[in-house]
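6 protein chains.
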Amino acid sequence: MTDERDARTVDFLFEMGLLKRYKRTGWVIAGVASPESIADHSHRTAITAAVIASMEGADPQRSAFLSLFHDTQESRVSDIPHIGKRYLKSALNEEVTADQTAGMPVALAEVIGSAVGEYEAKESAEAVCAKDADKLECLMQAVEYQEQGTDTRAWIETSMASLKTAAAKRLADAALEASSLRWMHQARESKPEL
Amino acid sequence: MTDERDARTVDFLFEMGLLKRYKRTGWVIAGVASPESIADHSHRTAITAAVIASMEGADPQRSAFLSLFHDTQESRVSDIPHIGKRYLKSALNEEVTADQTAGMPVALAEVIGSAVGEYEAKESAEAVCAKDADKLECLMQAVEYQEQGTDTRAWIETSMASLKTAAAKRLADAALEASSLRWMHQARESKPEL
Amino acid sequence: MTDERDARTVDFLFEMGLLKRYKRTGWVIAGVASPESIADHSHRTAITAAVIASMEGADPQRSAFLSLFHDTQESRVSDIPHIGKRYLKSALNEEVTADQTAGMPVALAEVIGSAVGEYEAKESAEAVCAKDADKLECLMQAVEYQEQGTDTRAWIETSMASLKTAAAKRLADAALEASSLRWMHQARESKPEL
Amino acid sequence: MTDERDARTVDFLFEMGLLKRYKRTGWVIAGVASPESIADHSHRTAITAAVIASMEGADPQRSAFLSLFHDTQESRVSDIPHIGKRYLKSALNEEVTADQTAGMPVALAEVIGSAVGEYEAKESAEAVCAKDADKLECLMQAVEYQEQGTDTRAWIETSMASLKTAAAKRLADAALEASSLRWMHQARESKPEL
Amino acid sequence: MTDERDARTVDFLFEMGLLKRYKRTGWVIAGVASPESIADHSHRTAITAAVIASMEGADPQRSAFLSLFHDTQESRVSDIPHIGKRYLKSALNEEVTADQTAGMPVALAEVIGSAVGEYEAKESAEAVCAKDADKLECLMQAVEYQEQGTDTRAWIETSMASLKTAAAKRLADAALEASSLRWMHQARESKPEL
Amino acid sequence: MTDERDARTVDFLFEMGLLKRYKRTGWVIAGVASPESIADHSHRTAITAAVIASMEGADPQRSAFLSLFHDTQESRVSDIPHIGKRYLKSALNEEVTADQTAGMPVALAEVIGSAVGEYEAKESAEAVCAKDADKLECLMQAVEYQEQGTDTRAWIETSMASLKTAAAKRLADAALEASSLRWMHQARESKPEL
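Residue numbers (the working numbering), protein chains in the order written: chain A, 1 to 194; chain B, 1 to 194; chain C, 1 to 194; chain D, 1 to 194; chain E, 1 to 194; chain F, 1 to 194.
To be clear, the hints were calculated from the coordinates, so they are not data collected in a lab. Any given hint might turn out to be false.
The list treats identical chains as interchangeable, and a pair is accepted whether it falls inside one copy or across any two copies.
Listed next, the in silico SDA-like pairs over lysine to any residue satisfying Cα-Cα at most 25 Å (straight line) [said to hold, decoys possible]:
hint: 1; residue 1: K164; residue 2: A98
hint: 2; residue 1: K89; residue 2: V106
hint: 3; residue 1: K191; residue 2: V77
hint: 4; residue 1: K122; residue 2: I156
None of the values given here were measured: they were computed from a predicted structure.
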């Protein structure tokens with residue numbers, strides 16, 4: 001028979017799976033035909049957080065860890081569009097996470113809850129880098145959708161304006177000068193086929 | 001003008017974006033109509049690694065960090081199906097990562113390279129948990145696709161058989177006894193509407 | 001130069017277009033691969049309302065008209081999942097509609113606003129039939145997704161339990177005994193090719 | 001046991017569900033990646049008909065009702081592309097509707113049949129407004145797909161040229177001067193977050 | 001300046017490209033979430049025709065060639081569902097092909113026209129095998145969609161009943177006893193990884 | 001009981017079905033929202049090969065037949081992206097085909113194997129035309145995706161540069177001067193509706 005805490009832990013992991021099926025609402029509004037999921041966004045955000053934190057002299061691993069969970073509440077509240085915030089009042093993310101992790105092993109719930117708490121407080125260097133990673137990731141995705149035909153200028157501007165760290169600002173500038181496939185063209189030129 | 005290291009760093013982040021567009025090949029073969037992306041899989045895998053590591057007394061944050069990068073080489077080599085491994089000989093993942101991070105700030109390239117190296121060595125407790133997370137995540141996704149109509153029994157069996165840690169085995173058993181939406185039904189019953 | 005009221009009217013119609021791109025959240029949760037849009041649902045709901053109203057001796061045209069607008073607020077508040085109602089407090093639909101129709105010709109705003117008001121009041125026979133149409137439509141869609149491989153029994157039961165009119169209950173019973181393609185098989189048998 | 005008329009009525013509603021799955025052929029030809037369904041189009045067309053009728057002094061509710069059914073025959077004949085009309089000769093829509101509603105309660109079949117008959121006759125003010133709504137809706141959708149990267153100029157021109165009423169022509173002009181997301185940008189500026 | 005015949009030839013090839021975007025209508029009706037295209041079907045049909053012809057002692061290459069073009073008229077007339085044939089009268093496929101190839105080099109138009117003519121005449125052994133390939137391919141696709149959760153029994157039965165050659169009948173029997181991924185499981189067992 | 005050779009033959013045809021589900025990797029990289037399948041590409045390639053061969057005085061039927069099988073190995077090795085060829089060493093296509101056709105009737109395996117062998121040798125006129133068809137088809141698809149909003153200039157240039165025959169080069173020039181829907185606009189003007 002399944003241990004009750006194992007059951008709650010597995011339930012939590014199944015709940016996280018919904019983030020693969022929920023598409024990012026902003027891109028649906030923008031008219032992107034096959035928009036990324038919340039999980040898609042969260043994965044690159046976590047990598048981006050490690051990058052920014054490293055460049056800012058903060059802890060890359062911690063910043064990535066905060067980012068992993070930064071949108072996990074959306075399995076319950078969904079990805080509310082900005083316009084919706086004029087009509088909806090939401091519970092705090094910390095409260096949602098507490099419900100999501102109830103019944104799990106205490107140490108595990110604490111690992112997750114403290115990451116969410118630190119992110120929402122927006123005070124530690126790692127949280128600031130993680131928040132910037134959220135915005136920089138959005139900006140880079142907007143650049144990619146722009147290349148693929150959709151007008152995403154409003155998203156690029158809003159993301160750019162919200163960046164806080166010097167590293168994120170420099171990378172945003174670099175992203176706007178790049179093409180999203182430059183890495184591939186360079187790699188093909190610099191390395192021969194096997 | 002963009003600093004050369006910033007350019008390479010942004011190129012790396014754009015390259016990571018391809019993991020959102022690449023679908024997991026196994027699910028295409030299984031006949032899933034809208035399969036998850038590599039990024040989708042990697043996001044829940046990182047969370048699952050933190051869970052298993054916590055239950056096993058390893059470092060959740062480190063294990064999650066290893067998982068974040070465990071499939072990042074697939075932006076270059078793609079997600080080769082198992083049957084393909086009879087016909088294709090691949091470079092080492094460490095070599096691919098070295099190419100991907102060339103030209104980035106040294107400290108940052110080292111953060112990423114050492115994570116990939118540790119994962120591939122499969123020796124540290126965190127690497128073992130991260131590897132189990134990869135398989136448990138696949139098993140849970142197979143359960144979800146099974147509920148949605150596709151026959152994924154072969155995937156469930158293969159994943160189950162490859163688990164190493166006691167925690168992952170217990171969670172796998174629990175997952176096979178659960179429904180992927182049990183968390184939601186419980187949450188709706190235990191909490192009133194606002 | 002565009003008349004200000006024409007501009008607002010066109011803005012309203014563009015806003016309605018978003019209902020084509022927003023997928024019904026419940027089906028995303030259920031795991032349907034390509035779920036219907038809010039507009040998809042609203043179209044058959046309006047036809048269903050006309051059917052139920054006719055069977056109940058109410059005005060089919062009025063009931064269909066109420067149904068046309070019954071989810072139009074979701075362009076602003078999105079389709080909040082049931083579980084989300086534990087965490088989100090929403091403005092009244094009448095208030096959303098008032099914002100959506102602001103600046104449009106007064107007579108036109110009144111035509112729409114009064115339809116929304118009547119629907120939300122749930123008192124007129126036509127509103128009751130329109131509300132039942134919303135639920136019967138959901139039940140029939142659940143039957144179709146069930147046939148296509150997804151487990152939607154929870155949706156069938158919830159929809160069935162909320163029906164109020166005798167006509168909707170009889171049609172729900174009939175739907176559960178039918179196959180969604182029976183109409184086609186019958187049509188092919190009863191009529192020769194040209 | 002299901003009453004025969006209930007069975008036929010439910011069959012009709014299931015048949016209407018196919019309009020959600022049939023994509024509008026014109027947009028497939030244009031190369032739109034995820035084209036709207038016939039039901040998607042019909043929903044906004046019905047709302048657009050109410051708008052035009054109100055502006056033209058006709059009955060908004062009647063015009064919307066005609067629009068609801070204007071493409072319902074396509075569950076049987078599919079959405080034949082324009083080029084196909086050089087090679088296919090089709091039965092009258094009134095005949096298709098008569099087959100679709102055969103066996104349903106007589107009053108109900110008459111409600112639907114008379115709406116289709118009035119629409120096809122193209123004589124009443126409400127039918128003229130509904131026909132213009134069909135074309136204006138297509139024009140607005142073309143504007144949206146244009147913004148999303150697909151060249152739809154041929155569709156905009158053809159739709160514009162076929163409009164009959166002054167209201168529809170004014171709205172079409174206004175649509176060509178607008179952006180499809182202007183409503184959202186205005187709403188975000190004019191109203192604070194909760 | 002482009003030669004007029006080259007222009008017509010390129011136009012023909014662009015027209016053929018529409019067969020990639022047109023989904024097979026039968027599968028849309030069956031409720032398949034991401035149905036195959038006409039081109040998808042035609043590719044395996046051509047291979048299947050070569051197989052059947054070889055087993056029947058006919059010319060595999062000729063039979064495959066006939067199959068390549070057997071649905072090419074659908075870029076103009078679309079893939080009319082069976083139920084539609086009660087309401088639509090279509091031009092002959094030979095006439096459509098004649099229009100499609102008008103203005104192309106005479107020898108080329110003749111190569112295509114004679115293939116279509118032979119297929120439609122249903123007399124040569126190669127045409128009979130190509131026709132059976134069309135049906136066997138449909139049956140095998142139905143088996144695959146059945147495995148993926150959609151009820152396609154009606155398609156399996158209809159396809160089976162229309163087969164003419166002994167080879168196609170034997171292969172259909174074999175297909176119903178197989179799983180669509182048996183080839184992969186066998187290949188993985190019989191061959192080691194590199 | 002199924003004959004062993006029939007079983008292997010059916011397995012081969014099921015294996016070919018995977019080419020419908022595998023999307024062309026290059027277009028995924030380019031950011032196309034709903035990319036064509038390998039089967040989609042192969043179907044038009046075969047028709048294109050017949051066209052080029054006819055213009056070059058080679059055998060259209062043989063060239064189309066070679067093209068039908070030119071990517072059939074990808075059911076086992078998948079569609080490796082160009083960048084992947086820096087990291088993966090692949091078995092010969094002839095070896096893959098030999099495995100795929102093992103156990104099938106000898107005459108049939110020989111028909112397929114010799115077609116693959118001739119194509120890979122790149123010596124016969126028909127093989128040269130088939131190879132050019134592969135590239136011209138890619139160029140035309142790139143033109144279509146360009147019209148639909150995605151930047152595919154790199155694909156157009158690479159395809160153009162690899163063409164060998166005079167016919168393919170002329171058609172490529174003609175394709176770049178055309179619009180992919182010109183055929184439809186011309187057909188609609190030159191022929192009245194029925």
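A quick look at each hint next to the structure:
Within a single copy, K164 and A98 get their C-alpha atoms no closer than 29 Å, and across copies no closer than 30 Å, so neither meets the 25 Å cut-off. When the C-alpha separation of K89 and V106 is checked against a cutoff of 25 Å, the pair qualifies neither within a copy, at 30 Å, nor between copies, at 30 Å. In this assembly of identical chains, the alpha carbons of K191 and V77 lie at most 25 Å apart only when taken from different copies (14 Å versus 47 Å within one copy). Proximity of K122 to I156 under the C-alpha cut-off of 25 Å is restricted to the intra-copy arrangement: shortest distance 22 Å within a copy versus 40 Å between copies.
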